[in-house]
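Engineer: Here are the chains, one letter per residue:
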Amino acid sequence: MRAFTVFAKELRDYFVSPIAYIVISIFLLVTGWFFFTPFFLFNQASLRDFFALLPIVFSFIVPAVTMRLFSEEFNMGSYEILETLPVTTRDIIIGKFLAAAALAAALLVPTLAYPLIVSLLGDLDWGPIAGGYLGALFLGAAYGAIGLFASSLTKNQIIAFIVGAVLCFALTLIDKMLFFFPPQAVSVLSYLGADAHFQNISRGIIDSRDFLYFLSIIFLGLYGTSLALENRK
Amino acid sequence: MIHAEGLTKDYGNLRAVDGITFDISRGEVLGLLGPNGAGKTTTLRMITGYLAPTSGSIRIGGRSIQEDLLEIKKTMGYLPESAPLYKDMLVYDYLVYAAEIRGLEKERRMERLKELAGLCGIGDIMHRTVGELSRGLKQRVGIAYAMISDPEILILDEPTAGLDPNQIAEIREIIREIGKKKTVILSTHILSEAEATCDRIMIIDRGRIVADDATDALKQSAAGRVVIHLGFRETGDADEVISLLGTVEGVEKIERVDGGEPGTSHFRLYGDPASDVRDRVYDKIRETGWRLTEFYREKRTLEAIFRELTREG
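Which chain is which? The protein sequence lines are A and B, in order. Numbered by the numbering used here, the letters in the first sequence go through residues 1 to 233 in order. Numbered by the numbering used here, the letters in the second sequence go through residues 1 to 313 in order.
Only chain A is shown next, with the shape it has when bound in the complex (with noise of 0.2 Å):
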C-alpha cells in the first residue's frame, strides 16, 4: 500500500514533468530509423531487427529514466523526509523500482503501431510479437532495476546514468565478446548475457531460464539498492 503511494508520486513525477515525453520521443525516433530503415530492403514482414536493437537502446534509456530516482532525492535532502516517512526501506525500493519498469512498458506502447503497420504489408507471424513485448518487458525491468541500483550509489545523476548504462550495456555485450575470455569462462558469461535470453524469448520461445535470469537480475539489483541505502546510515 505504502509502496504504491511511492510508486504512484514517482510515475507522477514522470509524466507531469517533461522528462517521460521527451524519453519516449528519443526513444520512437532511434528505435523507427533503425528498424524502418533497413526494413524494406529486406522486404520481410517481421519485428526481428527491432527487437535485436532493443537491448543496446534500452541500455542507455532505461538508466537515463532511472538516474534521478535517489540521487535527486539525495541532492536535494528529500531523501531524508523519505526516509523519516512511516515507510520501510525495502517500501521505497519497490515504489521506485515498479515505476521504472512501468516507464519502461510505457516506452513500449508506442511501438505497438510497429507490428500493425507490419502486418498491413505482408503476414506478420505474431507469436514472436506478443514473445518479443513479453522479454521486452523482463528486460526493461531487469535494467530499470541496474539503473536504480546505480542511482542509490550517488548523489550525482550524470554518474549514476554512466554506472547504470554501463552496467547495462556490459549484459547487453558480453555474449559477443566471448572471444576475449578464457575457454573455461565461456559458459558463465554466456549465461550472463542478457541479449542472448531477451532473443530467445522474442523468438517465441518460453524457457523458464529465459525468465529467471531476468528475475534474479531484477533481484540483484534491488537487493543491491537496499545494501547502498543501509550503508547510508
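Heads up, some of the hints might be wrong.
[What the hints assert, rightly or not] Facing chain B, from chain A, some residues (calculated, C-beta under 10 Å): (1) R48; (2) I81; (3) T84; (4) L98; (5) K233.
It should be emphasised that the hints constitute simulated quantities derived from the structure, not laboratory data. Every residue gets a Cβ at the ideal spot worked out from N, C-alpha and C, and that includes glycine.
Dock chain B against the given chain A, drawing on the hints supplied.
Structural biologist: This is chain B only, laid out in the frame that chain A set:
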C-alpha cells in the same frame, strides 16, 4: 516519552555525538542549542531513525528504535533543516501525498488539511508550486507536512534558519501553538529563539551535553553570577593588580582580559553572588591611585552562559 542512553555517533574518525543521555517527557518543548557542528542535527537524525547510532540506545514511548522503527515513525513528525520538500509538487498535492503515505484515512484528509491551513496560515498558497515559495512559506508548509498525521512528537531542525525577523516571529508563534499539546524538539544556534519558545534548553557542544535545565532555571543561574569588568590606564603591571584585588573579601577570581583601548589593561573579576563586592573593590582601588577607565557589572544573560560553555579550546 523519549529516553536516550549513551548515544554515540562516529563519522569515520570524527565523533559527532559523544555518549549523551537524556529524557524528554510528554508535552515538553525542548530546545537543542549549540554552535554549528556541535552535533545537534546528528542527535535529531538518530532520534528520527534516519541515522543509526554507533552505540547507545533510544526508546520512544516504550519502544526501542532499533526494533520498532516503523511504529515509532508513525508517532513522529520530522522536518529536516531548510525543509527539503519536493520542489515541483503543488503544496496541496504534497500535503495529500504526505497524508496518504502517513496512512491518514481519506475521510479525515480534507478536514485535517483545513485545520493545518488555518494553523500554519497556508490556505491561500495551496495551489502554488513548493519550489517557488519564499523560505518562510516553505517552512510553514514543512511544518504542516510534519503535523499532517497529528503526531505525538514534532521534531524541527533549525526551523527559523535563514528567515527574516517577521517570518521568525510567525514560525515561533506556530511552534508555541503546537507546543501546547505536543512534545516538540527543535534545534537552533540562536539563543533568543530557544529562550522564547522552549520550556527546557539543552546545550550541546562538541557532541556532549554541557547544560540541561528548564529555561527559567538557566536564566536564574545566569543572573545569580557576579562578573565585574575593570579597566586601568597603564599603571604598574598586571600581576600587581591581580594580587592586590585577589585578596579583597568576596572576590573569587580575577583574570586579565586581552583587547580594549590601547594604553589600558582590562580585567574580569568574579564575585561571590551572596554579597556585593563592588564597594570593597572600589575602596581598594582608591587606596592605590591607579586610574580607573572602566568599572561595570556584566549583565549575565543566557548568552554569556552559552558562550562560556561552548567556547573554543
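Engineer: Hint numbers the structure violates, sorted upward?
Structural biologist: Per hint list: 1, 4 violated.
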